[in-house]
Amino acid sequence: MQKLIAFLTLLLLAVLCLGLVVINNEMLGDYRIDLTEDKVYSLSEGSQRVLNDIDEPIVLNFYFSDTASKGMTSLRNYANRVQSLLEEYESRANGKITLNVIDPEPFSEAEDRANQFGLTGATLGPVGDAIYFGLAGTNAVDNQFTINFFDPQKERFLEYDISKLIYQLSEPEPVQLTLLTDLNLMGGQNPMSGQMTPAMTFYSQLSQLYDITTIGSDASQIPESTDVLVVIHPQNLSEALQYSIDQFAMRQGRILLFVDPHYESDAMAMMGSLEANKSDFGLLESWGIDAGLDSVVLDGRLGLDIRTPEGAVTRHPGIIGLTGEQLNREDVITANLELVNGSSFAPLTLAEGSNLTLTPLAYSSADAVIVDGTEYAMTQDPQALQRMLDGPDSQRITLAARFSGPATSAFTQAPATESASELNMAHVSRTAKLNLIVFSDADLLADRFWVQQANFFGETIYTPFANNGDAIINASENLAGSDALISIRGRGTYARPFEQVQALQVAAEARFREQEERLQNQLQQTEEQLAQLQNVQTESGALTLTPEQQAALDTFIAQRNEIRRELREVRYQLERDIDQLGNYLKLLNIAISPLLLVTVLWGLARLLRRRAGKKTLEAIGS
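In UniProt numbering, the protein residues as written are 1 to 622.
Don't read these hints as lab results, they were simulated from the structure.
All figures in this text were calculated on a predicted structure; none of them were measured in a lab.
Be aware that a few hints might be false.
As the list claims (entries may be wrong) - What follows is a list of derived Cβ distance ranges for each label pair:
| hint | residue 1 | residue 2 | range |
| --- | --- | --- | --- |
| 1 | D372 | T197 | 46 to 52 Å |
| 2 | D142 | K70 | 31 to 37 Å |
| 3 | A110 | P464 | 31 to 37 Å |
| 4 | R307 | M378 | 19 to 25 Å |
| 5 | P57 | A416 | 38 to 44 Å |
| 6 | E105 | D305 | 49 to 55 Å |
| 7 | N100 | N52 | 20 to 26 Å |
| 8 | A130 | Q524 | 17 to 23 Å |
What the hints assert, rightly or not - Subject to a maximum C-alpha distance of 25 Å in a straight line, what follows is the list of computed SDA-like cross-link-like pairs (lysine to any residue):
| hint | residue 1 | residue 2 |
| --- | --- | --- |
| 9 | K70 | Q83 |
| 10 | K433 | N328 |
| 11 | K433 | E171 |
| 12 | K96 | V82 |
| 13 | K154 | T374 |
| 14 | K433 | L165 |
| 15 | K70 | G118 |
| 16 | K433 | Q48 |
Backbone N, C-alpha and C define an ideal beta-carbon position, used for all residues, glycine too.
Assemble the whole structure, with the sequences as input and the hints as a guide.
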């Protein structure tokens, strides 16, 4: 009887477990608990705010070559991660987003549609099949935005990229970018040489992305339509213009600022000057930021080599190259940059009593020192600057940063003008969240620090050798989004390494390489024989093949197709052991572990029941 009761108990538990699984899948699909360390399957508050602001229906078409990617375990796992996150967007959008998951098989209408969207068909593996792994979004007025390919190396910014695409679809109006500077960005006649100079490369790139309005220090206010304000090496700004910038910031306007303690790329301003050509932007101090524009950062480790007037090559500690180690990998602006070159950076810190948050984007090495800006400007000898590095005050210094948080206006009221009374009525004295990105060098905008010119058949070609332009575009693009989008930072990755899996990968790849080399050699020989047959021509140039040659050609074509099929099979075998291990782990987690838990609980229940029975018998006997 006890055995029957135990069996029925286990059977009821199994039925209950199965029923709970069915209920969870059918009725609780929209309710999830993210137990991952970095909450990689959940949406951040910023993404939810982007979804809440959607005004019209959006269709997301997720293209992934499920059939063609057979055997590519790591890519397929990441595709599942992307699809799961997209489903989370769909479920949290209150019906405003429709997600379509599409497998663009070769020569299908789905593949043609993916190509029309401009998605990238990446050629992966030895066979050469095109793998589509991208997202195409459309809205009610047929605006289209895409993520051409989900690069697993950019997984940390997966949520940001998807949220940005959704924001672009919900806010399709072009971004209005205002450039405030007295520098000659658009080119023209050089007053020193008399020759025509082209526009600065970064300006040409921004012009292709945004609607740009350029104003100088003689303007009285920034345009009302401004979405993003870019201020470059400001000097001699009027009080009215400063007030307009201040109020733009207080209304949570977005500002990208390039200040410089010594702007060396303006040859006209430098002629005959013994003082530093520094920027003047007093609003920073009022907002709680110390830009240190009276100082220059020297870095002995990051200094770049320059050629002296005597023809020698020496390192200049004031002209530095920021590598990946000095760029913030956790921020979307600098995450994928490798090199940013600049000259005479200033140190960036928070002013005493500031309530802002400083997020470094770029910083010096630990061997940097701070020197007087005027002394730096007057010192032409790099070796003399190198001697300034000797001292106990070496430190790592922030050179570019994002500032956010509460800030107070630099003005208590509008300046005395004809419209002062009207401006005072709209005066904003404080902001809860400043949106400001500061680079403490403006020289990095100059072409000579990041692009190389070459003449190609009379046309000037610009080839970048550093990522200065990418940094400018990334910062502008980030600020061009909503406040919610700006708040989204890099998230963690869902993958965790397993030593056993890595060992299997090494062993499988060793076997794969051996078979691949053999098959590739056969394929190369076959294609060479095919080429010889196909190049048989008569004296007139017409292609002629004898029946024997045609038969050989058909044989070689069939052989080539067979070799390609074997290569596909080898690619599948490469990942088979890893797939089997994954299935074992799934079985362990889904079936065996719950059964073990139930068995242990049942055993404990029987043990407690026996003890209770013994105590009862002892009580009766006594």
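Violated hints - listed by number, lowest first: 1, 5, 13
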